[in-house]
Amino acid sequence: MGALTLIVLLPLLGFLLNGLLGSRLGRTFVNVVGCGLPLVAFIVAALAVRDLAAAGYPTVIETVYTWAAFGDRSFEIAFLLDRLSAVMVLIVTGVGTLIHVYSTGYMKGDPGYARYFAYLNLFLFFMLLLVLGRSLLVLFVGWEGVGLASYLLIGFWFSDPEKSAAGKKAFITNRVGDAGFLLGMFLLWQALGTLDMDAINAAFGAGPVPGLSAALVGILLFIGATGKSAQIPLHVWLPDAMAGPTPVSALIHAATMVTAGVYLVARLSGVYLVAPEASAVVATIGVLTAFFAATIAVVQTDIKKVLAYSTVSQLGFMFLALGVGAYGAAVFHLYTHAFFKACLFLGAGSVIHALGGEQDIRRMGGLARRIPVTFATFAVSTAAIAGLPPLAGFFSKDEILWYALASESGGSVLLFGLAAFTALLTAFYMFRLLWRVFMGASRMSHEVEHHVHESPPSMAGVLVVLAVLSAVGGFFSIPHFLEPLLPLPAIVPAMEHFHVPLLVLSVALGLSGLALAAWLYAGDASRAAQLEARFAGLHRLLTGKYYVDELYEAVLGRPLEWLSRRVFLGLGDRRLLDGTLHGLAGLARRAAGGFARIQTGSLQAYLLLGLAGLVLLLTWSLRNG
Amino acid sequence: MADPQFLLAAAAVLFALGLLGVIVRRNALVMLMSMELMLNGVNLSLVTFASQAGSAEAAVLVFLVFVVAAAEIAIAIPIVLALARRRGTLDAGSWTELKG
Amino acid sequence: MADATLLNYLLWLPVMGMASLLLLPRDSDLAVRILAFGVMLLQFLLAAWLYGQFQPGFAGLQFETRLPWIADWGVFYHVGLDGMNVLLVLLTAFLGPLVVAGAVNAIRQDVKLFHAMVFFIQFAMIGTFVAQDLFLFYVFWETMLIPMFLMIGIWGGERRIYATIKFVLYTAFGSILMLAALIYLVWSLYEERGALSFAFTDLYGLDLPVNVQAWLLGAFALSFAIKVPIVPLHTWLPDAHVEAPTAGSVILAGVLLKMGTYGFMKLGFPLFPDAAVAAAPLFMTLAVVSIVYGACLALVQDDIKKIIAYSSISHLGYVMLGLACFDLLGIQGAAIQMVSHGLVSAGLFFMVGMIYERCHTRDLAAYGGLAKAMPVYSVFFMILTLASIGLPATSGFTGEFLVLVGAVSAGWAEHVAGLGSTTLVLGVTAVLGVVLGALYMLRFARLFLFGEEKVPGGHAVADLDLREKAILAAIVAAVFWLGIAPAGPLARTEGGSLQFQQLVLGDAAGGAP
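Protein chains in written order, with numbering that gives the first Met the number 0: chain A, 0 to 624; chain B, 0 to 99; chain C, 0 to 512.
Keep in mind that the hints are not guaranteed to be accurate.
In the DSBU-like style, the derived pairs of lysine-lysine whose C-alpha atoms are separated by at most 30 Å in a straight line are [said to hold, decoys possible]:
#, chain 1, residue 1, chain 2, residue 2
1, A, LYS107, C, LYS453
2, C, LYS305, C, LYS453
3, C, LYS468, C, LYS453
4, A, LYS107, C, LYS371
5, C, LYS371, C, LYS305
6, C, LYS371, C, LYS453
Okay, the calculated bits of chain B under chain A, using three or more residues with CB under 8 Å as the criterion [claimed, not checked]:
#, region
7, 16-30
8, 82-95
Every beta carbon over 12 Å from chain A, so not counted as near; a handful from chain C, in silico [unchecked claim]:
#, residue
9, MET15
10, PHE36
11, LEU40
12, TYR137
13, ALA218
14, TYR355
15, THR360
16, ALA409
17, ALA461
18, LEU504
Calculated from the structure, these hints are not laboratory results.
Using N, Cα and C, we set each Cβ at its ideal position, and we do this for glycine too.
Between the sequences and the hints, there should be enough to build the whole structure, so can you do that?
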């Protein structure tokens, strides 16, 4: 068995062991299997990447078997390792392992402990299929599979109807995107006869493909990406997905799964490079999502919801980078985001854990001294996401802003302006969160305050590791590393002088966000309250999340229900079809009632009638014969 | 070999007698016997035509009719007996359950 | 093939089983069940062996037997396996032992008669699949009706008489039209060749004018469409399913509905190729309507059996779509989708039966939070739900994916060639249908498994026992087999699919402008 297959199969083994035996063999077994196998997968992945580096980064392909064959075309199950999937596989297994370890503390004592780890391992299995798959088909298997794992984990505490509803919503919304993905895949298959992504890139790179426009394929696949990566208009599921356990939000809904759309576009850069229209769509959707999600995050009061909208917004940044051709920058941001956002979510988990389940930031405050490790790590990663140097987020966000302005393939002042303003908002709402949770006076109830405690080492340790990564991760330049595979776009010559001013601006934005938050929320946060009262309408719009959910319900949900129940079932099935049938049956019955009078029950009468008929028939035939 | 004309006339007479019996008699057993009479009338005409045409198939068909008639009686008599036992009468007129 | 007799054993084994039931004493229910299970298991093993021996690359019939039956009319007892029926025979034989095992608690009256009926219907179904002579096919086709009628009528629910009469009237109506068309068809062959023959291969060669073909296809198609069922001929199905006992639902959904699609594949389209090509847009439209309509109706049902019944309509719409797009992948997908639907819906009906035996209600609103009360049950239910949705690695994905690839590819090719976009629009609509599929199944799962724990009757229900686990494990294993490694089954059906495609399009290519 090849190394890549092994990497993929290890978490699957964990899923099977934990799923079948876990609840019987106890916690230690679950821990060893649940955390050990992802760790082994990480080690194997690291070794595989080392070998890859030693060989000078060739593209390694490992064919496992043929899924189905039709004449000379076939669907192969094969894995591919190159620079891009090396980055992804290390993030997935690395952050994945850390979050598994964190979960041993966070989920301690939950009755569904074994089930939880089984699901988490299942998620890793599918995520690895997704990032290692050579063909779009394998990627799609992983794509759907992570959706399943996400569905199961969002609804992990299924007794709460709201949580299972959130899981369902996530699945359905993703399915809408998947329909686009499938269509794109079908058209590629039809035109090229293969779904291998290296072959697709090569085919589009070699010139126009007859009978298929790259723009169409690009947009269809991007529809899939908007579902998985929560971009407008399919972003509605991600905030609801916070119903799942917090480590799940960190792993699936921040660090890995939701970035699958980014990976998909980066992986098929060959298509998007020759489809400027599709790229423009990607950039526009990306920047709009980034902006709108950031505005919503500004007014959220649930600690996880703030982070959720922040994730949507950061994903928008990544798509903006993809849209302007800076694939490496997008993956760079994906990589740094995985660290600081996982750290933020896990930190939030630590806060929630400490407060016995409280998630509302209006009932927090002053936690910095009570849970210092959590505070320190949270502060580092907040600074990182706000883009303060020299933390990881600074480098990656700066790259994105730079290419949004200066890229020759789609960069523009408009994109840059909106992105820069969003960066300011990001810094603001993140520091607002930090301020409200950790600073100022305590707004907790006595009951809660009494029980506040720092998290166990399994959780705190992971926080520290992630905080360190968020701090120093930016020094490993992913765009540079990926350049042989994903070349960066050319720079508009007139813009070349603006790079240094932009750096300064970027830092200034981060700092002014910090200052603004500190000023507004200082003391009893009365300045913020005044502002809120002044712009009550806007505030309502933002807390209502622009009423997108309500819109969908009114435009899609209710009409579908009405159509199904009233038109199809009531009118179609009951009235029209069964009605006609029963009408015919009634007619037959009434007619039969008339004829039945002849049936006297007397044999002789029947015979006489029969005889009379016979005689009539005979005479008739004699007459006419 | 008898005169075919005569044989056919005899067949017709047999059939008519049987038909009359089925129509006028109410005793189920007698009705069955009359039906046999009709069947034999038809069979006789069949044999006559068969010998006239010299056709082996027709002769075989006659035997088929015999077999079918025997099978039919073997089922009909028990049914009549079962009915008679249930109602205590052989009168066909007492069975009018199928009246519409 | 040297061992052609094996197929005959497979076919006649249920009849022998029926005969041996007569030897058992009247009250020996246990012995009846053991005997029935043993015979069915033997049949499955035979079918599995035949499947293993089936040569993928070999065109034409395998394990063929051809004996004169009514020689003067050119009627032959002609049976054999080919790519179109090999998987369906395997599916039928696979479900046989499961049906017997599933009926242990549910069927308590007239046990012997019940098993005789199961044998009877098994015989008729396999006979319909393997028949290669139109007369023989028709005899088996009609025979199926009798045991199904009795099964619903005797062991069914409260409104069983209504349901069974509706079922029989619908089906018989279609059959009569098919009989008329069949007679006309054979007569045309006689006029052309001067010899009577009912052999499929002879009838395929008949070259009728296209308007005659249209009429005959209409008659055949009506009969098949009722069996599938295609909207708007479907209203018998929910009633029949709701009233049928579990075993009846399983057989109905698992195999019987595939008779319709198999009929289209084996007879309807290949016998009347010109008309089929001309009517393909119509059939595809009806297929897509079925997909959407069935899904929408499944979304608003409150009876758990009706949800699955309407989902069947939706899923078989995919089969029709795959067949009517005449693309190789679509046809292959249809072949897999037939089996997949057989497995998944049979499994779901088994599961409904299991919960009904415990709680005695089919009202969805009465249930909730079963995942807590019955964890093992819920895991199986979830797997089957996901297979029904068409999640990758399950059989549902293989079927739907290939059908949709086929339909969209065919549509796109047509669109690019400037031949109109009907197929493309229909294909795209069908792709959107996958969203609806997820919608109704997840609604079902959410209300049924999740939420607050709510068990009808208020008593603690027992989770699955070993027998029930074994039944479901067998089905789930088959579901994963078709999802993860469909290459083997697909290789076996490829010959049949190619033959179908060539029979339909090959003729049309000669006749079309």
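### Query
Is it the case that TYR137 of chain C keeps its Cβ farther than 12 Å from each residue Cβ in chain A?
25 Å, holds
### Message
Just want to verify: LEU40 of chain C was marked as not at the interface with chain A; is every Cβ pair farther apart than 12 Å?
### Response
LEU40 of chain C clear of chain A: closest Cβ-Cβ about 26 Å, beyond 12 Å.
### Task
Over 12 Å to the closest beta carbon of chain A is the bar; see if ALA218 of chain C clears it.
19 Å, holds
#### Entry: Holds or violated: LYS371 of chain C to LYS453 of chain C, with C-alpha atoms at most 30 Å apart
Cα-Cα ~10 Å, so holds.
#### Entry: Distal placement of LEU504 of chain C relative to chain A, Cβ over 12 Å
15 Å, holds
### TYR355 of chain C non-interfacial with respect to chain A [C-beta, more than 12 Å]
Answer for TYR355 of chain C: holds, closest chain A Cβ roughly 23 Å.
### Query
Are the Cα positions of LYS107 of chain A and LYS371 of chain C separated by 30 Å at most?
19 Å, holds
### Task
Beyond 12 Å from every chain A Cβ: check whether that's true for PHE36 of chain C.
Per Cβ check, PHE36 of chain C is outside 12 Å of chain A; nearest 27 Å; holds.
### Query
When you check the alpha-carbon spacing of LYS371 of chain C and LYS305 of chain C, does it fall within 30 Å?
24 Å, holds
### Task
Given the hint that LYS468 of chain C pairs with LYS453 of chain C, test it: the Cα-Cα distance must not exceed 30 Å.
23 Å, holds
### Query
Taking 12 Å as the cut and beta carbons as the points, is ALA409 of chain C off the interface with chain A?
For ALA409 of chain C, whose nearest Cβ neighbour in chain A is about 9 Å away, the distance does not exceed 12 Å, so it is violated.
### Query
Are there at least three residues in the region 82-95 of chain B whose beta carbon sits under 8 Å from a beta carbon of chain A?
holds (count 4)
Hint compliance for this structure: hint 16 is the single one not met.
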